[in-house]
Amino acid sequence: MSLTLVLGGARSGKSRHAEALLTRHPAPWAYLATAQAFDDEMRARIAEHRARRDARWRTAEAPLDLPGALEAAGPCPALVDCLTLWLTNLMLGGHDIEAATDALEAALAARGTPTVLVANEVGLGIVPDNALARAFRDAAGRLNQRLGARADHVVFVAAGLPLVLKGSP
Amino acid sequence: MSLTLVLGGARSGKSRHAEALLTRHPAPWAYLATAQAFDDEMRARIAEHRARRDARWRTAEAPLDLPGALEAAGPCPALVDCLTLWLTNLMLGGHDIEAATDALEAALAARGTPTVLVANEVGLGIVPDNALARAFRDAAGRLNQRLGARADHVVFVAAGLPLVLKGSP
Amino acid sequence: MSLTLVLGGARSGKSRHAEALLTRHPAPWAYLATAQAFDDEMRARIAEHRARRDARWRTAEAPLDLPGALEAAGPCPALVDCLTLWLTNLMLGGHDIEAATDALEAALAARGTPTVLVANEVGLGIVPDNALARAFRDAAGRLNQRLGARADHVVFVAAGLPLVLKGSP
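Chains as they are written, first to last, in my numbering: chain L, 30 to 198; chain C, 30 to 198; chain Z, 30 to 198.
Derived from the structure by calculation, the hints contain no laboratory data.
Every clue listed holds true.
No distinction is drawn between identical chains; accordingly, a pair holds when it is met within one copy or between any pair of copies.
In silico DMTMM-like pairs for lysine to aspartate or glutamate, Cα to Cα no more than 25 Å straight-line:
| id | residue 1 | residue 2 |
| --- | --- | --- |
| 1 | K195 | D167 |
| 2 | K195 | D181 |
| 3 | K195 | D131 |
| 4 | K195 | E48 |
| 5 | K195 | E134 |
The shape of chain L in the complex, shown without the other chains:
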């Protein structure tokens, strides 16, 4: 079924745009949250996103087992917010990124209802000073390329507005 990738920077409106795309499909909708609330800043961010969503959303936390969460969402259209935090969690936990991405692609291919993936674009600033940040930026770019190749529809969001990279406008 249709796969959409919504790319954008921090506070670009990408999550809101992704929600608007997913809710064109019939409810209930699965919201697969990859964020982990380690500190107050992240807790505030999660609470703000959650406050936007009504009872038709079924929220599941999927910091690491995103393939399993997609399978568990079954026939619900699903929003993954976001791939880049999932990658962060995998890297911090020392997991195999290639194997996890393979499992994600298999889970996406098996779905019978639409999926919308949100991802950050993080490679458009100055080269970071530290090697870990460079490795993360490379891994995030590679992940976006893999999902971009697989998706039917890819958009880049800036100032809340989409530019179509792939598929119909």
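Here the structure of chain L is known, so what remains is to put chains C and Z in place on it, guided by the hints.
Then chains C and Z, alone, in the frame of chain L:
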């Protein structure tokens, strides 16, 4: 009247593009500068921008009271360069960003001639190390989204060339 | 002859896209590499790019004398990967950026076969803390604007997918 938002990175050509859009309208034009010359680097940048503009431009400095400067510009088509430095000034001065943005939107709505706003996109790099930079990046993204929703025409500039996010090409 | 500029972030797929554009023209192709292998990380990156290219590619290293390498490529369609590393090399070596860019433009104007230039967009993150990084970001933006004005075709690549900034899609 028509409102245009020109987004772009550092040295993307966004100011030059914004000037080209504004000068399609009859002179004189108001140039509302939000930069403050704290150091030599900034003084050089301001002088370079100013050297590009001829006598048909009326420059006003508006580091904080941008709504007042827009009102004072009266019937002149106005260029605001740039929103992101205005936001920086507000944050450094401890001002209420929400209230200032409301006042800006009211001033824009009251204008009877075209306005072109320049803004930086700052959210497409790696997550900054320090909390202040993250807060700034979030505030800049939110401001761009609010103005993007209100504008008739939004473009993203890279290498001096515009991509249309909203409105006609 | 036709000049193409391929812009993008780190690991955006810009090199691969540039190769796909160049190999539409008849082989052999010149690959002008500006990277210098100072450390293992860079050696790995260069090896990975090289492994993608077959015997129809003629690789030349051009960390500084890119104009000479373009002339030496003669009638071969040429890929320059990438302008931003060339700029880095020029700045680290204390060379005159303006003079080098003039020489590059003259070499490009003299070519009788297609050229594809790869460049990084580095100005879309938070303002860097240090003055050297800010100077580099400004120089990179200026270089991209100059080549963007000269090119027949300019694309911005994200997640492996191109957005057309100039020329036909």
